[in-house]
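Enquirer: Sequence:
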Amino acid sequence: MTVAIGEFAGCHVLAELRGVDAGLLDDLAHLEVALKRALAASGATILEMSSHRFVPQGVTILALLAESHASLHTYPEHAAVFVDVFTCGAADPRTAVDLLTHELQPGRVTVQVIRRGDTLSSEVSA
Numbered sequence: 001m002t003v004a005i006g007e008f009a010g011c012h013v014l015a016e017l018r019g020v021d022a023g024l025l026d027d028l029a030h031l032e033v034a035l036k037r038a039l040a041a042s043g044a045t046i047l048e049m050s051s052h053r054f055v056p057q058g059v060t061i062l063a064l065l066a067e068s069h070a071s072l073h074t075y076p077e078h079a080a081v082f083v084d085v086f087t088c089g090a091a092d093p094r095t096a097v098d099l100l101t102h103e104l105q106p107g108r109v110t111v112q113v114i115r116r117g118d119t120l121s122s123e124v125s126a
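The sequence shown: position 76 = 76 (the UniProt record's numbering), numbered continuously.
These aren't lab readings, by the way, just hints derived from the structure by calculation. Treat the hints with care, as some may be off.
Stated by the list, open to error - Computed beta-carbon distance windows for the label pairs:
id	residue 1	residue 2	range
1	H78	F8	29 to 39 Å
2	D118	A29	36 to 46 Å
3	H69	D118	18 to 28 Å
4	D118	G23	42 to 52 Å
5	R115	L64	18 to 28 Å
6	V55	R115	31 to 41 Å
A virtual CB, placed ideally from N, CA and C, is assigned to each residue, including glycine.
Please put together the full structure from these sequences, using the hints given.
Expert: As structure tokens, then:
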């Protein structure tokens, strides 16, 4: 999908990944690399990343994108992670979420795809 500069439209993907190895969900360095790779493959441009490791466990990673934003919030004690990727323009947040899902190998995945703004196409479903 090609979007003109200034066009008010985007795709927002919200995912809940369950049954993920708790060690992976507490590995901040690994998750940062995985998120960077997934966002690059989706066509997104990372402007800045910020992260925090919680005590005793869990991490949050935020990526400010030229196209909007992405975040990961992990809960190792629940073997779960919330993923949020929103982009305007040509970047495809579904690709980023698909690659993160492949990387983390969850037992169960719930995904919502939401079209936002002025869209010419109909609603997208997961």
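Enquirer: It remains to establish, for every hint, whether it holds in the given structure.
Expert: Cross-check of the supplied hints:
1. H78 to F8: 29 to 39 Å: Roughly 36 Å apart at Cβ, these two residues keep to the hinted range, so it holds.
2. D118 to A29: 36 to 46 Å: Given about 39 Å between the Cβ atoms, the range holds.
3. H69 to D118: 18 to 28 Å: Since H69 and D118 have Cβ atoms about 19 Å apart, the given range 18 to 28 Å holds.
4. D118 to G23: 42 to 52 Å: holds (43 Å)
5. R115 to L64: 18 to 28 Å: holds (22 Å)
6. V55 to R115: 31 to 41 Å: Given about 39 Å between the Cβ atoms, the range holds.
Every hint, counting from the list given before, is met by this structure.
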